[in-house]
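Student: Each chain, letter by letter, is given below.
2 protein chains.
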Amino acid sequence: MAIDSEHSRAWRSAPVGIVGLGLIGGSIALDLRRHGLRVQALVHRAETAERARQRGLADLVSTDAAVLSDCALVVLALPLDRLLEPDPALVAAIPEQAVLTDVGSVKQSVLEVWQRLHGRFVASHPMAGTAQAGVDAGVEGLFSGRTWVATPNAQTELGALACVQDLAVLLGARWLCCPAADHDRAVALISHLPVLVSAALLQTADRAAAMADGGSSGTLGSLVRALASSGFADTTRVGGGNPMLGTLMARSNRTAVQLALAAYRQALGAMEEQLSAGDWAALEADLRQAQSLRPEFVSTDRSAG
Amino acid sequence: MAIDSEHSRAWRSAPVGIVGLGLIGGSIALDLRRHGLRVQALVHRAETAERARQRGLADLVSTDAAVLSDCALVVLALPLDRLLEPDPALVAAIPEQAVLTDVGSVKQSVLEVWQRLHGRFVASHPMAGTAQAGVDAGVEGLFSGRTWVATPNAQTELGALACVQDLAVLLGARWLCCPAADHDRAVALISHLPVLVSAALLQTADRAAAMADGGSSGTLGSLVRALASSGFADTTRVGGGNPMLGTLMARSNRTAVQLALAAYRQALGAMEEQLSAGDWAALEADLRQAQSLRPEFVSTDRSAG
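Here the protein sequences line up with chains A and B, keeping their order.
With the numbering used here as the guide, the letters of the first sequence map in order to residues 1 to 305.
With the numbering used here as the guide, the letters of the second sequence map in order to residues 1 to 305.
Hints listed in this document are in silico derivations from the structure and should not be mistaken for laboratory results.
Note that the coordinates shown come from a computational prediction; the quantities given were computed from them, not determined experimentally.
Misleading hints may appear alongside valid ones.
Claimed, not checked - Covered by chain A, per the in silico footprint, the following chain B stretches (three or more residues, Cβ under 8 Å):
id: 1; segment: 235-244
id: 2; segment: 253-261
id: 3; segment: 289-295
Claimed, not checked - From chain B, some residues computed to sit far from chain A (all C-beta separations above 12 Å):
id: 4; residue: 6
id: 5; residue: 7
id: 6; residue: 10
id: 7; residue: 14
id: 8; residue: 36
id: 9; residue: 46
id: 10; residue: 59
id: 11; residue: 64
id: 12; residue: 91
id: 13; residue: 96
id: 14; residue: 109
id: 15; residue: 117
id: 16; residue: 134
id: 17; residue: 153
id: 18; residue: 200
id: 19; residue: 230
Even glycine gets a Cβ: it sits at the ideal position worked out from N, Cα and C.
Isolated chain A (complex conformation) (with noise of 0.2 Å):
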């Protein structure tokens, strides 16, 4: 890409938008203002602006969308059912000439939606945690190091990507550009079915348990609640997560997960016909071949974050 830095970072000298002051948007917000730059925000109730300018989160917050008219880029820092079906007054708010982004976890439906709504709009995902939610998640840094996916398609105005480019790595973040519907397969394998294959976990230890003691709080029902450990812990923390976001994971992605449920479908099925023959050999060679996977996929530093 042949974009000059001057002119991808021209952004920097006007306002920047920021529609959302949730932990991705309240956090970005931060780091904006930490440069230097100008932030100005639209949030839905009048208490979530109340407290975001008690955490001075934006030099200006306002739940009216004329916040956002003098603003170069505006990133939609919205849940995905809010950004799969806008607000029409957002929309009309958004200047023209403004690069527009979006943070949502999921980037074919969302490209769909809002390519045809803007034309220098540019999908894109950073990758930071969910545990916290709300106008008190945001904090300083949350990008540092973390990927920020972008997924642009012939439509996408290199101009507006080289912007949204230069925002990401002004957060610190690896920049990563893939097609949407690879970042959509990809996440639904290592972000959507995790949760559902978590939370399927819960339920089981609840319901097996239950069911052996032929009611619903007997005495194997005490004893998993009392011996589950950091393992349990672990396997179960995503599944334990918020419900609604979970579900509108599982929606918006829903070809991708079911792509995801299947495959491992099998490769669990595979194990548990190991476990009937009795084919021990079989199995801890699928284990091994896990604990071979697993830093490929998890590097230490990470891992014990």
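Once you've looked at the hints, dock chain B against the given chain A.
Tutor: Showing chain B alone in chain A's frame:
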């Protein structure tokens, strides 16, 4: 139980025999020495004995089973396979009057084997992490606040049981008795099933990506590895563990693990149907239930640890 405490503490005035100085055996040995008790350890290899001496794990370390001859309490801190097919020389060396216990993570099969071999055997399982292994893994205070399960049956001698309870409580553990079959069904659900579920997730992320790439090292394969973050790291931690240990657990607790897998297949299958049907309300209800279940299994402090 009407066991007087003086009687149950008599073991403290004689040497304690520890067979195996891995994470569990080494940690028990360190704690006992800290309490001023004399520890005499039996290990398999001369190099292990040498390293154990360097670390000061025991007062006496030997590869000769005669080291157990004057012990009033002997702890079998061996891997499951060596518990289930014990060395005849070891069995012969355990003093007939000694209280004997083990630390295996499966209890019914261990109880069957050892109750036949030794009159004063108590099957037990201290629930402590297994991320580290070997003679360098043992640490002080490993059992503090953790649950130590014993699985007595009608043949278990109450005096021997009280002695093992005194050991567990001395080391700061929470004592819990239940039937061996209940223990095995509980750990199948909260410990053995998670290993398989977690390993299958690693395999799926690898295989489904490779299949989509039509090869073994294409775009999606790189992408899943680049995008995997803390959620994937958490969910796959136990699946990336020791494959021999995972296989031994499944093998020694086969029926309970098979039942757990069948129940799990049903729970995940229900979610798969919700996705096919687009029944988002039902999926959200399932995820909401998982969210509300997790705190029953994982206390906040343990989760953070």
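Student: Would you mind marking each hint as holding or not holding in the structure?
Tutor: To see whether the hints hold, each was checked on the structure:
1. 235-244: holds (count 10)
2. 253-261: holds (count 6)
3. 289-295: Coverage by chain A holds here, the residue count being 6 at a Cβ distance below 8 Å.
4. 6: Holds, because the least Cβ-Cβ distance between residue 6 (chain B) and chain A comes to about 30 Å, which exceeds 12 Å.
5. 7: Residue 7 (chain B) is indeed farther than 12 Å from all Cβ atoms of chain A, at 28 Å.
6. 10: Holds: least Cβ distance 29 Å, greater than 12 Å.
7. 14: Check passes; 31 Å lies beyond 12 Å.
8. 36: holds, 29 Å
9. 46: holds, 28 Å
10. 59: With a cut-off of 12 Å, residue 59 (chain B) remains clear of chain A, as the shortest Cβ separation is near 31 Å.
11. 64: holds, 32 Å
12. 91: holds, 25 Å
13. 96: The claim stands: residue 96 (chain B) keeps its Cβ more than 12 Å from every Cβ of chain A (closest is about 33 Å).
14. 109: holds, 14 Å
15. 117: holds, 24 Å
16. 134: Fine: 16 Å to the nearest Cβ keeps residue 134 (chain B) off the interface.
17. 153: Label holds. Min Cβ-Cβ 15 Å, cutoff 12 Å.
18. 200: violated, 4 Å
19. 230: Non-interface label on residue 230 (chain B) violated, nearest chain A Cβ at 6 Å vs cutoff 12 Å.
Hint compliance for this structure: hints 18 and 19 are not met, and every other hint is.
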